[in-house]
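**Student:** Note that the protein sequences, when read in sequence, are chains A and B. Residues in the first sequence are numbered consecutively from 1, following our numbering. Residues in the second sequence are numbered consecutively from 1, following our numbering.
By construction, these hints were calculated from the structure, which means they are not laboratory data. Fair warning: there could be bad hints in the mix.
Far from chain A, some chain B residues (derived; all Cβ distances over 10 Å) [as the list claims (entries may be wrong)]:
hint : residue
1    : 23
2    : 146
3    : 351
4    : 361
5    : 489
6    : 503
To give an idea of the chain A side of the interface with chain B (calculated C-beta under 8 Å), a few residues [what the hints assert, rightly or not]:
hint : residue
7    : 16
8    : 180
9    : 271
10   : 335
Glycine included, C-beta positions come from ideal geometry on N, C-alpha and C.
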Amino acid sequence: MSESKTDVTVHPDAEHPEKFSDPGLPSHRPRQADIDPKADKRAERQVVVLFLLSVIGTIVALWAYFAVRPDGTTGGVRTSTLTLGIAIFFALAGIGIGAIHWAKTLMNDHEMVEERHQARTTGETREIAVKKLQDGIKDSGIGRRGVLKGVVVSALALFPLTIAVPLISSVGGDWDVSKFRDTLWKKGTRLTYDPTGRPIKASDVTLGSAVHVIPEVTEEYRTTDEWITEKAKAVVLMVRLDPRDLNPPAKQAGWDYDGIVAFSKICTHVGCPVALYEQQTHHLLCPCHQSTFDVAHGAKVVFGPAKRPLPQLPITVDADGYLVARDGFDEPVGPSYWERLK
Amino acid sequence: MTTTLNPEPTTLVGKSADYLDQRTGVGHAVKEFARKIFPDHWSFLLGEVALYSFVVLLITGTFLTMFFVPSMSLSVYDGHPETMNGLLMSDAFKSTLHISFDVRGGLLMRQIHHWAALVFVASLVTHMMRVFFTGAFRKPRELNWLVGFSLMVLSLLAGFTGYSLPDDVLSGNGIAIANGVVKSIPIIGSYMSYFIFGGEFPGDQIIPRLFTLHILLIPAIILALIGLHLMFVVVHKHTQYPGGGRKEMNVVGYPVFPVYAAKAGGFFFVVFAVLTLMGATMTINAIWNYGPFDPSPVSAGAQPDWYMLFLEGSLRLMPGQAEFVSWGDYTWSLNVLVPAVVVPGILFTFLALYPFIEAKVKGDTEEHHLLDRPRNVPTRTGLGVAFLTAFVVLAFAGSNDLIATHFRLSINEITWIFRVLIFVGPWFAFWVTRRICLGLQRKDRELVLHGHETGRIVRFASGEYIEVHRPLDEQERWVRVSYTANKPLELPAPTGPKGTKDRKYKSAKRWARLSRFFYEDRVEPVTPAELSAAHSHGEHDALPGGEEHAAVTSVHSTDAGERAH
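Using the sequences and the hints given, assemble the complete structure.
**Tutor:** Structure representation (structure tokens):
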């Protein structure tokens with residue numbers, strides 16, 4: 001059948017109405033259970049079996065709860081979860097499938113029709129509604145008393161402040177956002193291993209290795225709540241390169257110690273820890289959004305959604321040969337924010 | 001209520017009903033709702049799945065709150081499993097381990113809860129797709145669309161706040177990302193970060209705060225909105241698909257009692273059962289493999305829950321160059337702000353406003369209770385698929401690292417492909433979908449005009465071959481012809497004093513242009529006159545075999561008609 005033939009326009013005439021008319025509800029098709037008493041009995045038995053299955057499921061679930069006790073290992077927990085869960089599954093599915101099967105095979109399936117009404121109310125109802133509102137307005141006298149109206153509106157608009165101001169002002173702590181720029185790194189702070197807190201000898205850092213570093217603090221401090229927050233800003237990733245491969249920007253020349261460079265581990269994009277180091281290319285990759293930083297070139301961005309290089313921590317060694325910070329970071333670490341450069 | 005009409009109740013049920021009715025007037029409600037009619041279709045179950053998963057979330061969530069400790073106080077762990085011993089962790093993480101390893105059935109409840117959350121959002125989104133593609137959002141249901149839209153946004157919030165509660169490494173990094181996104185907001189970003197964390201990230205307050213949001217505020221609002229959503233369904237009565245006997249002003253289906261009481265009630269148990277099976281057999285969020293939150297470690301290949309993937313992908317695709325520093329040394333983090341705030345903002349605004357835009361370009365003020373077949377509204381269907389394409393491209397971009405490792409591809413190349421796809425994909429999907437819809441409408445016309453192919457080839461004495469076509473029965477035909485192909489709005493002549501420069505006229509002109517975009521290409525339904533013309537087989541009438549044709553096709557159609565019964 002070619003398309004030109006199907007798209008022929010034919011105009012309605014006396015014989016043919018403009019539109020087809022609704023053929024009405026399709027005729028009802030009887031189900032097996034409607035015509036065959038045996039099928040009806042069979043369906044009923046199936047429903048009974050399904051509900052019985054649920055009862056058995058419940059009993060097994062209770063048995064499993066008391067009998068299959070987890071022993072604290074992942075394997076034991078898995079067994080207990082599995083037996084209990086599958087038993088509960090049968091307890092629930094028996095009821096669910098049973099009820100649906102009942103409805104589909106045995107309950108009346110003749111379609112029924114109900115009229116709809118438009119959502120809007122009738123003109124009469126509307127008139128009464130408007131009249132009632134007008135009566136109310138008249139009773140209150142709000143139309144005549146302008147000052148009263150103004151004061152009521154003001155009072156209602158203002159009172160939420162009594163809750164909102166204390167709430168909002170309290171939840172932000174001290175609101176001192178300048179803390180974003182402070183870290184635990186000061187001149188002379190020792191670099192230590194994360195998480196043991198052991199100081200790092202420069203000679204222990206082998207060529208090509210990447211070390212996760214935290215600033216030296218007391219062991220006690222490392223169990224406090226503040227520590228987590230400080231650590232979230234202070235974590236550093238340190239790698240040792242062949243000094244000949246290092247090509248830092250002029251500002252950061254000499255911030256390494258014999259090829260060992262230390263960078264903030266907090267991504268300048270949205271703040272994930274930049275933890276994947278690729279030895280051959282000297283690239284650091286953030287596993288969250290794949291920002292890629294080139295450690296040999298001052299951790300500048302070579303790919304991804306970050307804009308700024310990772311801040312570098314200038315380092316040297318102290319008299320005992322341990323790595324120490326030559327100074328703190330000279331810029332805020334982590335993601336950008338509005339007043340970062342203020 | 002003891003009148004002659006209602007004799008004194010004698011049975012226990014009768015007495016209880018009488019007791020209740022005398023005190024509540026419940027008779028009104030029973031009279032009104034017991035035999036209320038609802039139409040039947042599998043796609044109407046999607047919303048039910050969402051509702052039932054939410055109930056499952058409430059049940060399992062209540063179990064979990066009995067044992068979960070929403071506190072960030074740190075201590076060294078000593079307990080199950082052994083691999084976690086000696087680690088510094090918060091009470092939140094510790095109690096999650098306790099739920100998983102020591103509370104019998106605890107892990108099962110945790111896993112059902114997590115799976116139910118994923119299914120909740122998934123069914124909610126597919127329900128929304130059903131409503132979109134069938135036009136169930138049209139008058140009088142626009143407001144209910146907005147209620148549903150709000151529920152969708154709240155479900156994302158509920159998911160994110162719950163995901164973060166165990167205070168493990170993965171969710172901790174999720175919160176870190178959220179912190180980075182909040183900080184990128186110009187002017188107030190830093191203060192909003194303080195507002196959320198009560199100081200610097202992560203601080204010691206975020207878990208208790210998320211807990212309150214997750215178990216009190218968000219579910220309370222969701223419950224209230226579900227109530228409103230369902231109340232609207234009752235007020236409007238459910239939409240129905242077109243078909244014989246189904247009219248704009250009626251509803252055809254089965255009564256609530258007993259059919260839907262059994263079907264919908266049973267379906268709740270089926271949903272609960274499936275979620276339980278998932279929780280029993282499929283490990284999810286095994287936090288003892290990740291460890292407690294620590295700002296330093298992070299695992300590669302980590303994925304958020306599926307509904308957050310599009311945000312993650314959006315963040316991954318944006319090139320970093322978009323960040324800049326303006327005069328006054330203020331930092332504009334557009335590399336974060338655009339993908340995490342602006343892009344979802346545009347997508348969500350489109351969703352929320354669509355019903356109103358469509359009504360306007362259609363000039364439509366009528367109530368609609370019969371659903372559209374998606375093919376009959378090609379532009380809407382195209383826009384919907386384009387939207388989904390954008391969502392799916394972003395979600396895949398959120399897994400670009402897994403795609404790279406699984407298929408051994410370069411992550412940079414994949415990212416570039418997605419960067420192109422996010423612009424080209426939706427446009428292409430729109431174009432293809434709209435063409436497919438128009439093609440399907442033509443196929444419908446073809447079917448109505450010429451009937452089903454039967455594969456029966458007949459040769460006539462004259463040597464002519466024809467394939468016998470079986471005409472559609474009137475039910476089949478009605479489904480294919482009972483729609484209106486909307487026409488674009490006509491631009492009225494300018495009436496204002498400034499003529500074509502008039503502001504109102506210019507706005508009307510823009511709307512008319514948009515209306516042309518929607519309705520310029522359309523396929524009209526077959527009219528009875530066209531069908532009759534097609535049946536007379538055009539020029540074939542002139543051939544001597546004309547009567548034979550008629551004989552062959554009519555005999556066959558009776559056969560088929562009998563077989564169908």
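**Student:** Against the structure, test the hints numbered earlier, and report the numbers of the ones violated in rising order.
**Tutor:** none
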